[in-house]
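Below, each chain spelled out in residue letters.
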Amino acid sequence: MFYFTIEILGTISFAISGVLTAMNKRLDPFGIFIVAFVTALGGGTLRDLLLGVGPVTWLVDTTYMYVIMISVVFAVAFREKIKYLRKSLFLFDTLGIGLYTVVGVEKGVAAGLTPVMCVALGTITASFGGVIRDILCNEIPIIFRKEVYATACIAGGVFYFVLKAFPIEKDLVFALPILVVIVIRLLAVRFKLSLPTVYRSEKDPN
Amino acid sequence: MFYFTIEILGTISFAISGVLTAMNKRLDPFGIFIVAFVTALGGGTLRDLLLGVGPVTWLVDTTYMYVIMISVVFAVAFREKIKYLRKSLFLFDTLGIGLYTVVGVEKGVAAGLTPVMCVALGTITASFGGVIRDILCNEIPIIFRKEVYATACIAGGVFYFVLKAFPIEKDLVFALPILVVIVIRLLAVRFKLSLPTVYRSEKDPN
Amino acid sequence: MFYFTIEILGTISFAISGVLTAMNKRLDPFGIFIVAFVTALGGGTLRDLLLGVGPVTWLVDTTYMYVIMISVVFAVAFREKIKYLRKSLFLFDTLGIGLYTVVGVEKGVAAGLTPVMCVALGTITASFGGVIRDILCNEIPIIFRKEVYATACIAGGVFYFVLKAFPIEKDLVFALPILVVIVIRLLAVRFKLSLPTVYRSEKDPN
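Protein chains in written order, with full-length UniProt numbering: chain A, 1 to 206; chain B, 1 to 206; chain C, 1 to 206.
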């Protein structure tokens with residue numbers, strides 16, 4: 001029940017982030033809804049497709065669709081006020097990323113994958129919704145350019161397997177990595193950290 | 001047989017719409033073919049992937065590939081004349097949307113999904129080919145911006161379940177929603193209706 | 001073992017091509033890694049999804065992930081020198097395309113598909129990694145615009161079925177089409193061949 005609440009908060013904040021991006025691009029209500037939807041559920045959908053698990057979760061459990069519909073209506077109706085919620089939304093978003101990461105990691109474990117691949121699945125679950133959102137809005141994905149976002153997911157995923165190597169209670173193995181993702185992301189935003197970009201010093205037609 | 005004819009007409013008109021978009025972007029013949037292909041079959045492919053049904057239909061039934069190949073050759077050869085066909089193409093396209101919607105809805109019903117999700121699947125089937133076409137051509141999808149297109153699909157899908165609640169003949173439950181999609185789309189284009197865009201009055205870095 | 005070596009060389013060269021594209025777009029290290037990854041494995045992933053085969057290969061065999069990680073570190077570290085490797089990389093790339101094509105064709109054969117669809121699968125395997133790379137980098141896919149690339153794959157795939165119609169040794173049916181892809185691609189680049197673009201002579205709002 002506790003995790004379900006986090007998951008719903010995460011879905012809401014991801015959906016609202018989609019609404020804000022879509023409104024900046026002046027999409028119509030249908031476009032706004034679709035962008036909100038893929039932002040919230042695109043990462044988990046890609047994970048399920050790669051695992052060959054079908055039908056994907058949101059087709060079977062209509063709750064997600066309703067939560068996103070309500071989030072979209074709310075975000076559009078209060079679009080002028082939403083900036084006052086920015087801190088709460090960022091918090092929900094960060095909670096969501098942490099939870100999505102560990103959920104993805106555990107789906108990989110359940111499928112018998114190696115730890116490296118489980119961490120990859122967790123990162124995909126938490127971050128590819130935003131990637132698809134940016135592609136639909138004709139932007140280079142923001143997490144490829146300037147956020148310590150995937151890095152936090154990877155760290156959380158690695159920490160999950162570190163904990164698993166010790167005789168630690170299962171609930172803590174689930175909860176502590178979420179905390180790691182959250183702390184790294186909060187610190188990164190607090191100190192405006194981002195990964196450096198790398199490019200070549202000379203123009204080269206290759 | 002009747003529905004098969006509509007499906008082929010829909011495939012042809014979707015493929016030709018892909019050819020026209022691709023030629024505007026000055027793609028080479030391979031690019032034109034791929035864009036035509038995903039426009040015609042991308043929606044149904046995404047639907048099958050989400051349902052976890054594989055291999056996807058067009059891999060198993062080569063007819064679609066041949067129909068698209070012929071449509072592409074035709075559209076490229078007669079590219080200067082195709083504007084005279086614009087009304088016929090629009091009609092085929094509208095028929096195709098209607099049929100694809102109801103086909104998608106019924107696939108959802110067969111998979112035991114809730115009505116909301118069946119309507120979503122129908123809309124995806126009918127409209128995501130165009131979404132992928134626009135992404136491949138580096139445009140924000142047109143149906144997110146200015147067409148009453150998905151709206152018509154959603155209305156048709158809802159009407160399907162309204163009819164199903166009554167003791168109506170199965171053929172009519174299939175055919176009447178197609179008609180609803182067609183009528184809404186024709187009216188929308190006739191009266192230049194489109195969904196309003198929503199955006200915030202002030203620039204906001206969020 | 002021999003084919004495994006080619007496959008790894010192909011993976012390396014595809015990954016490095018992703019790194020170069022991503023650095024031109026000034027992505028951060030995470031973005032560079034993801035673009036390298038999808039360039040190398042995107043085509044095979046799409047093929048597996050369309051076939052309904054899951055989990056996809058690279059989730060189960062972690063080798064690919066490690067090869068790509070090392071390639072990315074190498075390419076980023078030696079980014080100023082990589083132009084001196086251009087010829088070797090082009091050769092690896094061409095080998096990779098040839099092999100990926102025939103691997104894709106044979107997966108289609110194993111799934112009982114028609115020859116046309118097997119050729120399509122082979123072409124998807126060899127060329128859609130680059131398509132996804134360009135979409136992530138917000139470009140119209142280069143193979144839709146100016147390279148005889150897919151054409152070489154298609155020719156190789158067709159040649160596979162020509163050979164199969166004769167009583168030829170299985171190893172040759174596998175190896176000779178790879179050679180065909182390589183020769184066509186080398187000739188095309190040597191003589192700067194590309195498919196002509198087609199467009200309409202007049203502006204037309206259709």
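Hints are computed from structural coordinates only; laboratory data are not their basis.
Just to be clear, a hint being listed does not mean it is correct.
[To be verified] Only part of the chain A face toward chain B is listed, based on derived beta-carbon distances under 8 angstroms:
no.: 1; residue: Leu46
no.: 2; residue: Pro55
no.: 3; residue: Val56
no.: 4; residue: Val109
no.: 5; residue: Leu136
[To be verified] Derived DSSO-like pairs: lysine-lysine, alpha-carbon spacing no greater than 30 angstroms straight-line:
no.: 6; chain 1: B; residue 1: Lys170; chain 2: B; residue 2: Lys107
no.: 7; chain 1: B; residue 1: Lys25; chain 2: B; residue 2: Lys192
no.: 8; chain 1: B; residue 1: Lys164; chain 2: B; residue 2: Lys107
no.: 9; chain 1: B; residue 1: Lys192; chain 2: A; residue 2: Lys25
no.: 10; chain 1: C; residue 1: Lys164; chain 2: C; residue 2: Lys25
no.: 11; chain 1: A; residue 1: Lys107; chain 2: B; residue 2: Lys107
no.: 12; chain 1: C; residue 1: Lys192; chain 2: B; residue 2: Lys107
no.: 13; chain 1: C; residue 1: Lys81; chain 2: B; residue 2: Lys25
no.: 14; chain 1: C; residue 1: Lys107; chain 2: C; residue 2: Lys170
no.: 15; chain 1: C; residue 1: Lys25; chain 2: A; residue 2: Lys25
no.: 16; chain 1: B; residue 1: Lys192; chain 2: B; residue 2: Lys87
no.: 17; chain 1: A; residue 1: Lys83; chain 2: A; residue 2: Lys192
no.: 18; chain 1: A; residue 1: Lys25; chain 2: A; residue 2: Lys107
no.: 19; chain 1: C; residue 1: Lys25; chain 2: C; residue 2: Lys107
no.: 20; chain 1: C; residue 1: Lys87; chain 2: C; residue 2: Lys192
no.: 21; chain 1: B; residue 1: Lys107; chain 2: B; residue 2: Lys25
no.: 22; chain 1: C; residue 1: Lys83; chain 2: C; residue 2: Lys192
no.: 23; chain 1: C; residue 1: Lys192; chain 2: C; residue 2: Lys81
no.: 24; chain 1: C; residue 1: Lys164; chain 2: C; residue 2: Lys107
no.: 25; chain 1: A; residue 1: Lys25; chain 2: A; residue 2: Lys87
no.: 26; chain 1: A; residue 1: Lys192; chain 2: C; residue 2: Lys107
no.: 27; chain 1: C; residue 1: Lys83; chain 2: C; residue 2: Lys170
no.: 28; chain 1: B; residue 1: Lys81; chain 2: B; residue 2: Lys25
no.: 29; chain 1: B; residue 1: Lys25; chain 2: C; residue 2: Lys164
no.: 30; chain 1: A; residue 1: Lys25; chain 2: B; residue 2: Lys81
no.: 31; chain 1: C; residue 1: Lys83; chain 2: A; residue 2: Lys107
no.: 32; chain 1: B; residue 1: Lys81; chain 2: B; residue 2: Lys164
[Unchecked claim] Pulled from the structure, derived: some chain C residues nowhere near chain A, Cβ distances all over 12 angstroms:
no.: 33; residue: Leu9
no.: 34; residue: Leu27
no.: 35; residue: Asp28
no.: 36; residue: Ile32
no.: 37; residue: Phe33
no.: 38; residue: Phe37
no.: 39; residue: Thr45
no.: 40; residue: Val53
The C-beta atom is built at its ideal place from N, Cα and C for all residues, glycine as well.
Each hint tested on the structure:
Of the supplied interface hints, the one on Leu46 (chain A) is violated, with its beta-carbon coming no nearer than about 10 angstroms to a beta-carbon of chain B, more than 8 angstroms. At about 5 angstroms, the closest approach between the beta carbon of Pro55 (chain A) and any beta carbon in chain B falls short of 8 angstroms, and the interface hint on this residue holds. At about 5 angstroms, the closest approach between the beta carbon of Val56 (chain A) and any beta carbon in chain B falls short of 8 angstroms, and the interface hint on this residue holds. Proximity of Val109 (chain A) to chain B is violated relative to the hint, the smallest CB-CB distance being about 21 angstroms (cut-off 8 angstroms).
Given hint, Leu136 (chain A) at the interface with chain B, holds; its Cβ is 7 angstroms from that chain's nearest Cβ, closer than 8 angstroms. A threshold of 30 angstroms between alpha carbons decides the hint, and for Lys170 (chain B) with Lys107 (chain B) the separation of about 15 angstroms falls inside it, so the pair holds. At most 30 angstroms may separate the alpha-carbon atoms for a hinted pair to count; Lys25 (chain B) and Lys192 (chain B) meet this at roughly 26 angstroms. This hinted pair checks out: Lys164 (chain B) and Lys107 (chain B) have alpha carbons roughly 15 angstroms apart, not beyond 30 angstroms.
Annotation: proposed proximity of Lys192 (chain B) to Lys25 (chain A) holds, straight-line Cα distance about 22 angstroms (limit 30 angstroms). With a CA separation close to 44 angstroms, the supplied pair Lys164 (chain C) and Lys25 (chain C) exceeds the 30 angstroms bound. Between Lys107 (chain A) and Lys107 (chain B), the direct Cα distance comes to roughly 27 angstroms. Compliance with the 30 angstroms bound is thereby established for this hinted pair. Between Lys192 (chain C) and Lys107 (chain B) the alpha-carbon distance is near 48 angstroms, which puts this suggested pair outside the 30 angstroms criterion.
Distance restraint check for Lys81 (chain C) and Lys25 (chain B): the Cα-Cα separation of roughly 35 angstroms exceeds the 30 angstroms cut-off, and the hinted pair is therefore not satisfied. Restraint check: the Cα-Cα separation between Lys107 (chain C) and Lys170 (chain C) comes to about 15 angstroms, which is no more than 30 angstroms; the hinted pair holds. Distance restraint check for Lys25 (chain C) and Lys25 (chain A): the Cα-Cα separation of roughly 22 angstroms lies within the 30 angstroms cut-off, and the hinted pair is therefore satisfied. With a CA separation close to 16 angstroms, the supplied pair Lys192 (chain B) and Lys87 (chain B) stays within the 30 angstroms bound.
Between Lys83 (chain A) and Lys192 (chain A) the CA atoms are separated by roughly 20 angstroms; this keeps the pair inside 30 angstroms, and the hint holds. Proximity of Lys25 (chain A) to Lys107 (chain A) is assessed by CA-CA distance (about 34 angstroms); at most 30 angstroms being required, the pair is judged violated. About 34 angstroms separates the Cα atoms of Lys25 (chain C) and Lys107 (chain C), which puts this hinted pair outside 30 angstroms; it is violated. For the suggested pair Lys87 (chain C) and Lys192 (chain C), the alpha carbons sit about 16 angstroms apart, so the restraint of at most 30 angstroms is met.
About 34 angstroms separates the Cα atoms of Lys107 (chain B) and Lys25 (chain B), which puts this hinted pair outside 30 angstroms; it is violated. Among the hinted pairs, Lys83 (chain C) with Lys192 (chain C) is consistent with the structure: their alpha-carbon atoms are about 20 angstroms apart, no more than 30 angstroms. Annotation: proposed proximity of Lys192 (chain C) to Lys81 (chain C) holds, straight-line Cα distance about 25 angstroms (limit 30 angstroms). Restraint check for Lys164 (chain C) and Lys107 (chain C): satisfied, since their Cα atoms lie roughly 15 angstroms apart, inside the 30 angstroms limit.
Restraint check for Lys25 (chain A) and Lys87 (chain A): satisfied, since their Cα atoms lie roughly 23 angstroms apart, inside the 30 angstroms limit. For a cut-off of 30 angstroms, the pair hint linking Lys192 (chain A) to Lys107 (chain C) is broken: about 48 angstroms separates their Cα positions. Taking the CA atoms of Lys83 (chain C) and Lys170 (chain C), the gap is about 38 angstroms. The hint is violated against a cut of 30 angstroms. For the suggested pair Lys81 (chain B) and Lys25 (chain B), the alpha carbons sit about 19 angstroms apart, so the restraint of at most 30 angstroms is met.
Restraint check: the Cα-Cα separation between Lys25 (chain B) and Lys164 (chain C) comes to about 38 angstroms, which exceeds 30 angstroms; the hinted pair is violated. With a CA separation close to 35 angstroms, the supplied pair Lys25 (chain A) and Lys81 (chain B) exceeds the 30 angstroms bound. Taking the CA atoms of Lys83 (chain C) and Lys107 (chain A), the gap is about 41 angstroms. The hint is violated against a cut of 30 angstroms. With a CA separation close to 44 angstroms, the supplied pair Lys81 (chain B) and Lys164 (chain B) exceeds the 30 angstroms bound.
For Leu9 (chain C), the condition that its CB be more than 12 angstroms from all CB atoms of chain A holds, with the nearest at approximately 18 angstroms. Annotated as non-interface, Leu27 (chain C) brings its C-beta within 12 angstroms of a C-beta of chain A; the closest such distance is 5 angstroms. Distance check for Asp28 (chain C) against chain A: the nearest CB is about 4 angstroms away, which does not clear 12 angstroms, and the non-interface claim fails. Its beta-carbon lying about 7 angstroms from the closest one in chain A, Ile32 (chain C) breaks the requirement of being farther than 12 angstroms from that chain.
With a minimum CB-CB distance of about 9 angstroms to chain A, Phe33 (chain C) fails to clear the 12 angstroms threshold, and the non-interface call is violated. Annotated as non-interface, Phe37 (chain C) brings its C-beta within 12 angstroms of a C-beta of chain A; the closest such distance is 9 angstroms. For Thr45 (chain C), the non-interface assignment is contradicted: its Cβ lies about 7 angstroms from the closest Cβ of chain A, within the 12 angstroms cut-off. With a least beta-carbon separation of about 7 angstroms from chain A, Val53 (chain C) fails to lie farther than 12 angstroms from that chain, contradicting its non-interface assignment.
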